[in-house]
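Q: Residues per chain, in single letters:
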Amino acid sequence: MSASTRTRRTRPAQFPWDLVGLVLLAVAVAFAPDLLKALFGRASVSYLSIATNALSLSILALSWDVLARTGQLSLAHAAFYGAGAYTTALLARHADVPLWIGIPLGGLAAVVFALLLGAATLRLRGIYFAIATLSAAEVLKAVVHHLPTGIAGGNAGMNVPTLFRPEFIAGQMERWEVAFLRNEAYFYVYATLLCMTVLASILVQRSRLKHAFTAIRTNEEVAGVMGVRPARLKLLAFVLSSVFVGMLGGVEAHRVGSVLPEQSFSVSTTVLALVTPIFGGLYTTLGPIVGALGLSSVQEGLRRVFSDGYLIGYGVVLVLSILFMPRGVVGLVGGLLRRRGKREAGR
Amino acid sequence: MSDILRVTGLVKHFGGLAAVDGVSFAVEANQIFAIIGPNGAGKTTTLDLVSGLLTPTAGRIEVLGSDVSAATPAQRCHAGLGRAFQVVQPFPEMTLRENVLVGALFGTPGRTRADAERRADAALELSGLAALADVDAEDLTLMQEKRLEIARALATEPSVLLLDEVMAGLRPAEARDAVALVKRVRDSGVTIVFIEHVMPVVRDLADRVLVMDHGKVVVEGSYAEVTQDARVIEAYLGKEEVA
Amino acid sequence: MDTTLLVQALVSGVLAAGLYALVSVGLALAIGVIGIVNFAHGEFFMVGAFLAYQLFVTFGIDPVWSLFIVAPALFALGAIIYTSTIRFVLKAPELNQMLLTFGIGIILQNLALLIWGGDPRTIAGITYRGIGYQIGGVSIGLVPLASFVVSLVLVLGLYWMLARTPLGRAMRAVAQNRTGAALVGLEVNRVYLVAFALSALLAGIGGVMIAVIQSPTPVVGFAFTLKAFAIVVVAGLGNIRGILFAALFVAVAESLVATLVPNGDTLRNAVFFAIIFAVLIRRSWRTA
Ligand SMILES: Nc1ncnc2c1ncn2[C@@H]1O[C@H](COP(=O)(O)OP(=O)(O)OP(=O)(O)O)[C@@H](O)[C@H]1O
Ligand SMILES: [Mg+2]
Chain A
295 MSASTRTRRT
305 RPAQFPWDLV
315 GLVLLAVAVA
325 FAPDLLKALF
335 GRASVSYLSI
345 ATNALSLSIL
355 ALSWDVLART
365 GQLSLAHAAF
375 YGAGAYTTAL
385 LARHADVPLW
395 IGIPLGGLAA
405 VVFALLLGAA
415 TLRLRGIYFA
425 IATLSAAEVL
435 KAVVHHLPTG
445 IAGGNAGMNV
455 PTLFRPEFIA
465 GQMERWEVAF
475 LRNEAYFYVY
485 ATLLCMTVLA
495 SILVQRSRLK
505 HAFTAIRTNE
515 EVAGVMGVRP
525 ARLKLLAFVL
535 SSVFVGMLGG
545 VEAHRVGSVL
555 PEQSFSVSTT
565 VLALVTPIFG
575 GLYTTLGPIV
585 GALGLSSVQE
595 GLRRVFSDGY
605 LIGYGVVLVL
615 SILFMPRGVV
625 GLVGGLLRRR
635 GKREAGR
Chain B
7 MSDILRVTGL
17 VKHFGGLAAV
27 DGVSFAVEAN
37 QIFAIIGPNG
47 AGKTTTLDLV
57 SGLLTPTAGR
67 IEVLGSDVSA
77 ATPAQRCHAG
87 LGRAFQVVQP
97 FPEMTLRENV
107 LVGALFGTPG
117 RTRADAERRA
127 DAALELSGLA
137 ALADVDAEDL
147 TLMQEKRLEI
157 ARALATEPSV
167 LLLDEVMAGL
177 RPAEARDAVA
187 LVKRVRDSGV
197 TIVFIEHVMP
207 VVRDLADRVL
217 VMDHGKVVVE
227 GSYAEVTQDA
237 RVIEAYLGKE
247 EVA
Chain C
15 MDTTLLVQAL
25 VSGVLAAGLY
35 ALVSVGLALA
45 IGVIGIVNFA
55 HGEFFMVGAF
65 LAYQLFVTFG
75 IDPVWSLFIV
85 APALFALGAI
95 IYTSTIRFVL
105 KAPELNQMLL
115 TFGIGIILQN
125 LALLIWGGDP
135 RTIAGITYRG
145 IGYQIGGVSI
155 GLVPLASFVV
165 SLVLVLGLYW
175 MLARTPLGRA
185 MRAVAQNRTG
195 AALVGLEVNR
205 VYLVAFALSA
215 LLAGIGGVMI
225 AVIQSPTPVV
235 GFAFTLKAFA
245 IVVVAGLGNI
255 RGILFAALFV
265 AVAESLVATL
275 VPNGDTLRNA
285 VFFAIIFAVL
295 IRRSWRTA
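Protein chains in written order, with my numbering: chain A, 295 to 641; chain B, 7 to 249; chain C, 15 to 302.
A couple of the hints might just be wrong.
Unchecked claim - Think about it this way: if two alpha-carbon atoms lie no more than 25 Å apart in a straight line, the pair counts; the simulated DMTMM-like pairs of lysine to aspartate or glutamate are:
(1) LYS105(C) to GLU514(A)
(2) LYS331(A) to ASP9(B)
(3) LYS504(A) to ASP27(B)
(4) LYS105(C) to GLU515(A)
(5) LYS222(B) to ASP193(B)
(6) LYS504(A) to GLU34(B)
(7) LYS189(B) to ASP127(B)
(8) LYS504(A) to ASP210(B)
(9) LYS504(A) to ASP121(B)
(10) LYS105(C) to GLU99(B)
(11) LYS189(B) to ASP9(B)
(12) LYS504(A) to ASP142(B)
(13) LYS222(B) to GLU34(B)
(14) LYS105(C) to ASP145(B)
(15) LYS504(A) to ASP9(B)
(16) LYS504(A) to GLU144(B)
(17) LYS504(A) to GLU99(B)
Hints were generated in silico from the structure; no laboratory data involved.
Generate the whole structure from the sequences, applying the supplied hints.
A: Rendered as structure tokens:
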């Protein structure tokens, strides 16, 4: 009877904002260097490197968020980053491995560590999970620190060859354009890595994993009883999260030109990885990126205005953002839009 | 061998307390099987052991003839166990449809997305929640929350549905609706094990009744048999009016 | 093996445990009573240290006496921070609390860096710093000993307060049941305020001691935040009594490794965190 003919459309086909956004992002980063050069000339060299830092923060934040979607508030992000950086550096130093192998292997090393850590911490929740992951990261830092100097350089770390050495061609370019070309090349590497991370995040959000992750985050027991396999999916989230930070660590080792225990495994890397998505909006693809761009701009602006102690202002921004937009920038804007939508609908 | 769920010698200790102490029972296909008993008798703990949320101290659990004693909750769900909780716990960040969709997507391995969405809608329809599908699960009344518990469990396509006090706290009219819902579910071919304090509901629904007290089985039989059992009247029914 | 060295390591570990316990117990109070995950806790410790330093430099006040200025000052700082920020996130998700307190920590740490710079600061010319006792080849410094005794007295005093005084009982009641406590007429917000301020005070006193024992820099705070968290977690959230034992366990192990393992001093942190990791993982897999 009518019940069968009244087939409710399962869901109105939605406009694929996420994929369109990814394409827009790709186009924007493709043209960004030339645009900066045209607009700012010589100053674009440093702007490019600031923009690259923002991309780096985006990758860090988005990859952390992917793991957080399962409720695992990891404080080991610096360890994944450092594992990638050191693996890439070791391969470059001892095996002369080409970078297109070295960087993915950095990602792989991060994944291996993440799987071990993820398996060990499967039963831990909340703050216990956080402290356990933090401890594991600190232990890994110390282990790397104490590897024989001949292998990993100990306290002094290792030098890593830079990736790009553009040549200065007299008469055809100015001196600063060499630096521009180098920074531009790095910018594209980072942009590619970010696009890969974004794509992975979008695929998670569009698939059934989104529901599984949310279910595990909000109630792991109930999720299990409903057929979701929490252990397996939590480990999958660890893999998806660590592979991109690991590669980021590898790329960054090449860009910075060195790895050091204190720098590659710095707690502040972890702090940034979690602060940024909270600021931008958790458990979304857009939020961590908005957070990274927002916080990078805030930090850069503050650095220009107050040379010393600008981090004080950064702290103030964090405090105010939690007090006045507890659901992050994306949550705040989304809430405002929804409220306006309701008002218009009410009219 | 038409036993769809068989529990043998189930024991669970919490520290020194034997919350479940040697419980055995078997549920036949398409039965409605009631577990009753005073507060703290170990009923919820028994269901937690059956659905794999707790590890038993001893005992064996079989679903459709296969031993699931060492399986994870998810594996037991895939083997055919569905569960609605006494303390309702919807996923608050999701809409009702998304809540139910979790069960539909993951409750039976290998189901396509479109298939799962259809199944979720069907479960919402059966539970009378279709109109609320796009509401956030944090904005529900108790009755709606209980229906959601059932809908989610149904979406996993269980062979056996474990219901823990789904009538508690409901007004009489609502309870009557819930009874009708349980009957509809049974008629769709699902075996039901339910815990209940409201005796008229047990009388209306149950094919068999298991009475527990202090972690042990007092007696098992039809409603008429158990309500006439002296031990039951002493252990449990003596304290409340028998309807 | 050299037994004197072993005993020396044990004694140093026990003495260090006092300070660890003092700082951790304040954090446990914040987590246990208020339910706030305070990542700025170590900064109270740092502020205490640098206040003592400044009081000495500007007014020549001996750290022993500045304890009586720093303690109320930190109590006030804690109260101000609670009133202006913390009380608004009591019901917020853990992550938001973490970010808020991270923010507060960043502010305090960078203010200190702006004022005192990044170099270690030593309170120069304290005569009693050099005093020590030799017992059968084991040396015990007066300052670590005194800091141990003071810490122990304060920690035990806190235990006594929680167990015996009306305020302590109120704190325990609030910790166990927030709505219930409100129903029986406890002013929950006041209890929280006092608990948070007290937790800052305890950390600040610890800071004064570290200013005498070591030459701290403004980044010392975060390291202590991490250590305090780890100790609190090992003791078990809400288990304020367990803090003393957790601190003892961790400090002694740390000291043993630093003394007995060649090159061990730099492994100190690794041992600390390895213990914590092992304890947490073991505990999680044991309980089914
Ligand atoms: N996780 C636990 N740890 C310790 N004791 C528990 C735990 N869960 C249940 N218990 C105890 O086990 C006993 C049985 O509890 P259970 O919840 O199974 O009772 P019930 O029959 O469902 O009661 P009710 O009708 O009140 O729901 C009770 O004494 C309870 O306090
Ligand atoms: Mg129960």
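Q: State for each hint whether it applies.
A: Status of the hints after comparison with the structure:
1. LYS105(C) to GLU514(A): 21 Å, holds
2. LYS331(A) to ASP9(B): 76 Å, violated
3. LYS504(A) to ASP27(B): Outside the cut-off at roughly 40 Å; violated.
4. LYS105(C) to GLU515(A): The hint holds at about 23 Å.
5. LYS222(B) to ASP193(B): 31 Å, violated
6. LYS504(A) to GLU34(B): The given pair, whose Cα atoms are some 37 Å apart, is violated under the 25 Å limit.
7. LYS189(B) to ASP127(B): 19 Å, holds
8. LYS504(A) to ASP210(B): 41 Å, violated
9. LYS504(A) to ASP121(B): Holds, because 17 Å separates the two Cα atoms, which is no more than 25 Å.
10. LYS105(C) to GLU99(B): 17 Å, holds
11. LYS189(B) to ASP9(B): With Cα atoms ~20 Å apart, LYS189(B) and ASP9(B) stay inside 25 Å; holds.
12. LYS504(A) to ASP142(B): Since the Cα atoms of LYS504(A) and ASP142(B) sit roughly 16 Å apart, the hinted pair holds (cutoff 25 Å).
13. LYS222(B) to GLU34(B): This hinted pair holds, its Cα atoms lying about 21 Å apart.
14. LYS105(C) to ASP145(B): 18 Å, holds
15. LYS504(A) to ASP9(B): 37 Å, violated
16. LYS504(A) to GLU144(B): The given pair, whose Cα atoms are some 19 Å apart, holds under the 25 Å limit.
17. LYS504(A) to GLU99(B): 12 Å, holds
Hint violations for this structure: numbers 2, 3, 5, 6, 8 and 15, all remaining hints satisfied.
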